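K.L.:
Letter by letter, the chains look like this.
Protein chains: 2
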Amino acid sequence: MSTLIDELQQGNTPDFINRIAADEGIDVRTLTDKIISGRVVVCRNNRHRFDPIAIGEGTRIKVNANLGTSPTQCDFDNEIGKIKAAIHSGADAVMDLSIAGDISGFRKRITGECNITLGTVPMYEAMIGVDSPEQMNIDRFLKVVRKQAEEGVDFMTIHAGLLRKHIPFAEKRVLGVVSRGGAIMVQWMRHHQRESFLYEHFDAILEIAREYDITMSLGDGLRPGCTADANDAAQFGELEAIGELVQRCRAANVQVMVEGPGHVPLHLIEENIRKQKAICDGAPFYVLGPLVMDYAAGYDHIAGAIGGALAAWFGADFLCYVTPAEHLRLPTTDDVREGVIASRIAASAVDLSRQNPREIRRNLEMSEARNAFDWEAQERLAIDKGKFCKYLEKVESGQKGDSEHPCSMCGDWCAIKRIRKH
Amino acid sequence: MSTLIDELQQGNTPDFINRIAADEGIDVRTLTDKIISGRVVVCRNNRHRFDPIAIGEGTRIKVNANLGTSPTQCDFDNEIGKIKAAIHSGADAVMDLSIAGDISGFRKRITGECNITLGTVPMYEAMIGVDSPEQMNIDRFLKVVRKQAEEGVDFMTIHAGLLRKHIPFAEKRVLGVVSRGGAIMVQWMRHHQRESFLYEHFDAILEIAREYDITMSLGDGLRPGCTADANDAAQFGELEAIGELVQRCRAANVQVMVEGPGHVPLHLIEENIRKQKAICDGAPFYVLGPLVMDYAAGYDHIAGAIGGALAAWFGADFLCYVTPAEHLRLPTTDDVREGVIASRIAASAVDLSRQNPREIRRNLEMSEARNAFDWEAQERLAIDKGKFCKYLEKVESGQKGDSEHPCSMCGDWCAIKRIRKH
Numbered sequence: 001m002s003t004l005i006d007e008l009q010q011g012n013t014p015d016f017i018n019r020i021a022a023d024e025g026i027d028v029r030t031l032t033d034k035i036i037s038g039r040v041v042v043c044r045n046n047r048h049r050f051d052p053i054a055i056g057e058g059t060r061i062k063v064n065a066n067l068g069t070s071p072t073q074c075d076f077d078n079e080i081g082k083i084k085a086a087i088h089s090g091a092d093a094v095m096d097l098s099i100a101g102d103i104s105g106f107r108k109r110i111t112g113e114c115n116i117t118l119g120t121v122p123m124y125e126a127m128i129g130v131d132s133p134e135q136m137n138i139d140r141f142l143k144v145v146r147k148q149a150e151e152g153v154d155f156m157t158i159h160a161g162l163l164r165k166h167i168p169f170a171e172k173r174v175l176g177v178v179s180r181g182g183a184i185m186v187q188w189m190r191h192h193q194r195e196s197f198l199y200e201h202f203d204a205i206l207e208i209a210r211e212y213d214i215t216m217s218l219g220d221g222l223r224p225g226c227t228a229d230a231n232d233a234a235q236f237g238e239l240e241a242i243g244e245l246v247q248r249c250r251a252a253n254v255q256v257m258v259e260g261p262g263h264v265p266l267h268l269i270e271e272n273i274r275k276q277k278a279i280c281d282g283a284p285f286y287v288l289g290p291l292v293m294d295y296a297a298g299y300d301h302i303a304g305a306i307g308g309a310l311a312a313w314f315g316a317d318f319l320c321y322v323t324p325a326e327h328l329r330l331p332t333t334d335d336v337r338e339g340v341i342a343s344r345i346a347a348s349a350v351d352l353s354r355q356n357p358r359e360i361r362r363n364l365e366m367s368e369a370r371n372a373f374d375w376e377a378q379e380r381l382a383i384d385k386g387k388f389c390k391y392l393e394k395v396e397s398g399q400k401g402d403s404e405h406p407c408s409m410c411g412d413w414c415a416i417k418r419i420r421k422h
Numbered sequence: 001m002s003t004l005i006d007e008l009q010q011g012n013t014p015d016f017i018n019r020i021a022a023d024e025g026i027d028v029r030t031l032t033d034k035i036i037s038g039r040v041v042v043c044r045n046n047r048h049r050f051d052p053i054a055i056g057e058g059t060r061i062k063v064n065a066n067l068g069t070s071p072t073q074c075d076f077d078n079e080i081g082k083i084k085a086a087i088h089s090g091a092d093a094v095m096d097l098s099i100a101g102d103i104s105g106f107r108k109r110i111t112g113e114c115n116i117t118l119g120t121v122p123m124y125e126a127m128i129g130v131d132s133p134e135q136m137n138i139d140r141f142l143k144v145v146r147k148q149a150e151e152g153v154d155f156m157t158i159h160a161g162l163l164r165k166h167i168p169f170a171e172k173r174v175l176g177v178v179s180r181g182g183a184i185m186v187q188w189m190r191h192h193q194r195e196s197f198l199y200e201h202f203d204a205i206l207e208i209a210r211e212y213d214i215t216m217s218l219g220d221g222l223r224p225g226c227t228a229d230a231n232d233a234a235q236f237g238e239l240e241a242i243g244e245l246v247q248r249c250r251a252a253n254v255q256v257m258v259e260g261p262g263h264v265p266l267h268l269i270e271e272n273i274r275k276q277k278a279i280c281d282g283a284p285f286y287v288l289g290p291l292v293m294d295y296a297a298g299y300d301h302i303a304g305a306i307g308g309a310l311a312a313w314f315g316a317d318f319l320c321y322v323t324p325a326e327h328l329r330l331p332t333t334d335d336v337r338e339g340v341i342a343s344r345i346a347a348s349a350v351d352l353s354r355q356n357p358r359e360i361r362r363n364l365e366m367s368e369a370r371n372a373f374d375w376e377a378q379e380r381l382a383i384d385k386g387k388f389c390k391y392l393e394k395v396e397s398g399q400k401g402d403s404e405h406p407c408s409m410c411g412d413w414c415a416i417k418r419i420r421k422h
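These protein sequence lines map, in sequence, to chains A and B.
Sequential numbering from 1 applies to the first sequence in this note's numbering.
Sequential numbering from 1 applies to the second sequence in this note's numbering.
Simulated from the structure, these hints should not be mistaken for laboratory data.
Be aware that a few hints might be false.
Note: identical chains are not told apart, hence a pair may lie in one copy or across any two.
Only pairs whose alpha carbons sit at most 30 angstroms apart, straight line, appear in this in silico DSBU-like list of lysine-lysine [claimed, not checked]:
1) Lys417 x Lys172
2) Lys143 x Lys385
3) Lys277 x Lys172
4) Lys143 x Lys165
5) Lys172 x Lys275
6) Lys34 x Lys172
7) Lys34 x Lys385
8) Lys165 x Lys417
9) Lys143 x Lys275
10) Lys277 x Lys385
11) Lys84 x Lys147
12) Lys108 x Lys147
13) Lys417 x Lys143
14) Lys108 x Lys143
15) Lys275 x Lys34
16) Lys34 x Lys417
17) Lys275 x Lys390
18) Lys277 x Lys34
19) Lys275 x Lys147
20) Lys417 x Lys390
21) Lys165 x Lys390
22) Lys275 x Lys385
23) Lys84 x Lys390
24) Lys390 x Lys277
25) Lys387 x Lys84
26) Lys172 x Lys147
27) Lys417 x Lys84
Since this is a predicted model, take the numbers as computed values, not measurements.
All chains, full assembly: derive it from the sequences and hints.
P.N.:
And the structure:
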């Protein structure tokens, strides 16, 4: 099988590339060049039939929502509900992080019922039935990668850049290792006193990725779990190794993106993004948050929206949402919705600041609708129609263009109304 | 009566200045110099006995919450509840924007029950009983300013920088005038075909301000109401006039700050703040949001937190909250809480990025509590204990240092737990 990069190098342009170019408002040649050079990825398993999206330089900022079962909460209908809520709220991709129940059956439902880019962390499923990380091995891992590839997974997080030499740096931290995949690999390396099997056997992983045209998402097992650990030797050490793996993916014509933090205070976000782009030669950057402070539990979607907006402004391409439940519990459907919309606001704000025509239009139409007291148009344009209506406590509809509007903020004192009288 | 600036110039240092300097971690001399030069204000009516705060260069970012009655919602107990919720959530100041009911009685309750910096927009109360803005005049206005000064109001928003010559610029906008005070002045100037009475009689206003040592907050009647109108000729034209008024306040030894937008896309925030600081010679900048997009109604506190963080990062000093109810309805107590905390996150994130020792300590303690699975400490340090507990669905307390913790996110997969086993 040939990968998308193979095809584009040979001058073949799949239909979906034309569609993406039109959707993004960039020309096909530019998009093709960016995919070939690795600055844009289109995550798409060649067994997954759907409309893929582009992530990276010159494209709109995309948003991911994490979902999936845990041993304590294993209701697949509920998880499908969350995925639908995420998509409805504007998620561009979802990651299924399920670690309990009939995961394969769930994947079929996701690719069947939900027409969206799907990512996984294969290590999670590989760990099921394994008593402790020490028993993990490359064969078991590759088997899961292949199984998930067969199921149509479009991108996979692989924590192959976390090496033995980085562990001492992590041990100096306030909050050591907070990535679940990273913690498993540290435990494995400590026990076996050997180099990471993901790193040692990276070519075998790449082989499967080539076969199914899966996009590698190089995980940051040492992402900082608190602002005090941000941009430290552990994080940037792993980033150097990830930079090397980016080149190995590219040499294999396998698409690759890079995952990033985490918790980063405002003043270190720019350095964080610029380093990633430099060390990883422009590979798309996929950040979790980042959270600009540590004690906003219950409101981490807001701390993440601030960090995400700044990160995207400085060059991050793909925002993994953070929900208000972060650090406290598995997210509910409502948490998923709140989390996606917070990231969506960060993403759209950055797209607007880059003069994205679609964003300019939507913002302008909303502003014109406000000026015209057109509440129907405002509802249609609002980021969340449901919440818009709930807040407006709208009793009647059909009030288009009616200046006797339902907002209770100012009443007769409404400035817009006042000025329009003249 | 002498003003705070008079006193400081004469070498007298009131106790509250020593207290503020200690609280902010800056030395008294520096604080004094900044107040005298107008780069920091301490809003404090000389009839109001309370612990005032400093706003401006080198001090922590402060947060304001707007509250008050409207003709449709006039329950003062409810408004007092909102003020208490705002203070509990971390507001540093409140503005009472009441336009209905026994406002004077309410003010007494605020200064009595709530030990916090209090601001108003005197034009609102001045308009009560007036059929239309055309009937407003300087005598009526000054009477209200004096009455509010007697009631102990610490800072007052005065829209005196909006001049006749600015109106044509506002008329070219997508969303004209969205400031209630601004709209009243535009209507008055259009009708009378005369210059703003606030501008013409600014000295009379200053005289009262001197008498009660009230801080002037120069309102931006032409703040952009949508991102398309940001940083336009209307806004910057008014800002030039405000810059002149800043100098007039300083010449009278009356403290002064400047109000700003509003709706500003990400890429225009830096210019907006830098212009204000340049034109107004370093006067403290008090921004509303700014909102980085227009269609986030229901989530405008998040759009405002992103804009507020960026604005403060570039030099804004004082953030007026935006609640999720913005553009839709008067905020409820819950909306007030959500709005204050969103602004608080923006403010604290910027303080952390500037190495504020208190912020560093609280973030570090939270991170250490996470590492130690000390859930009691986490609850104590969390930005909102109530929400922290609600999310945690905590059944039992007294689990300090217990690694069998109540978070349902990862269970046995918890990375921190995993690594700590070794």
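K.L.:
Could you run down the list of hints and mark each one as holding or not?
P.N.:
Tested hints:
| no. | hint | in the structure |
| --- | --- | --- |
| 1 | Lys417 x Lys172 | between (60 angstroms within a copy, 17 angstroms between copies) |
| 2 | Lys143 x Lys385 | neither (44 angstroms within a copy, 45 angstroms between copies) |
| 3 | Lys277 x Lys172 | within (26 angstroms within a copy, 42 angstroms between copies) |
| 4 | Lys143 x Lys165 | within (27 angstroms within a copy, 74 angstroms between copies) |
| 5 | Lys172 x Lys275 | within (22 angstroms within a copy, 44 angstroms between copies) |
| 6 | Lys34 x Lys172 | neither (39 angstroms within a copy, 41 angstroms between copies) |
| 7 | Lys34 x Lys385 | neither (36 angstroms within a copy, 47 angstroms between copies) |
| 8 | Lys165 x Lys417 | between (66 angstroms within a copy, 22 angstroms between copies) |
| 9 | Lys143 x Lys275 | neither (34 angstroms within a copy, 60 angstroms between copies) |
| 10 | Lys277 x Lys385 | neither (37 angstroms within a copy, 38 angstroms between copies) |
| 11 | Lys84 x Lys147 | within (24 angstroms within a copy, 56 angstroms between copies) |
| 12 | Lys108 x Lys147 | within (12 angstroms within a copy, 70 angstroms between copies) |
| 13 | Lys417 x Lys143 | between (65 angstroms within a copy, 27 angstroms between copies) |
| 14 | Lys108 x Lys143 | within (18 angstroms within a copy, 73 angstroms between copies) |
| 15 | Lys275 x Lys34 | within (20 angstroms within a copy, 38 angstroms between copies) |
| 16 | Lys34 x Lys417 | neither (49 angstroms within a copy, 41 angstroms between copies) |
| 17 | Lys275 x Lys390 | neither (43 angstroms within a copy, 39 angstroms between copies) |
| 18 | Lys277 x Lys34 | within (14 angstroms within a copy, 41 angstroms between copies) |
| 19 | Lys275 x Lys147 | neither (34 angstroms within a copy, 58 angstroms between copies) |
| 20 | Lys417 x Lys390 | within (23 angstroms within a copy, 41 angstroms between copies) |
| 21 | Lys165 x Lys390 | neither (54 angstroms within a copy, 41 angstroms between copies) |
| 22 | Lys275 x Lys385 | neither (39 angstroms within a copy, 36 angstroms between copies) |
| 23 | Lys84 x Lys390 | both (20 angstroms within a copy, 25 angstroms between copies) |
| 24 | Lys390 x Lys277 | neither (42 angstroms within a copy, 39 angstroms between copies) |
| 25 | Lys387 x Lys84 | both (17 angstroms within a copy, 26 angstroms between copies) |
| 26 | Lys172 x Lys147 | neither (37 angstroms within a copy, 61 angstroms between copies) |
| 27 | Lys417 x Lys84 | neither (39 angstroms within a copy, 32 angstroms between copies) |
Of the numbered hints given earlier, the model fails hints 2, 6, 7, 9, 10, 16, 17, 19, 21, 22, 24, 26 and 27; all others are met.
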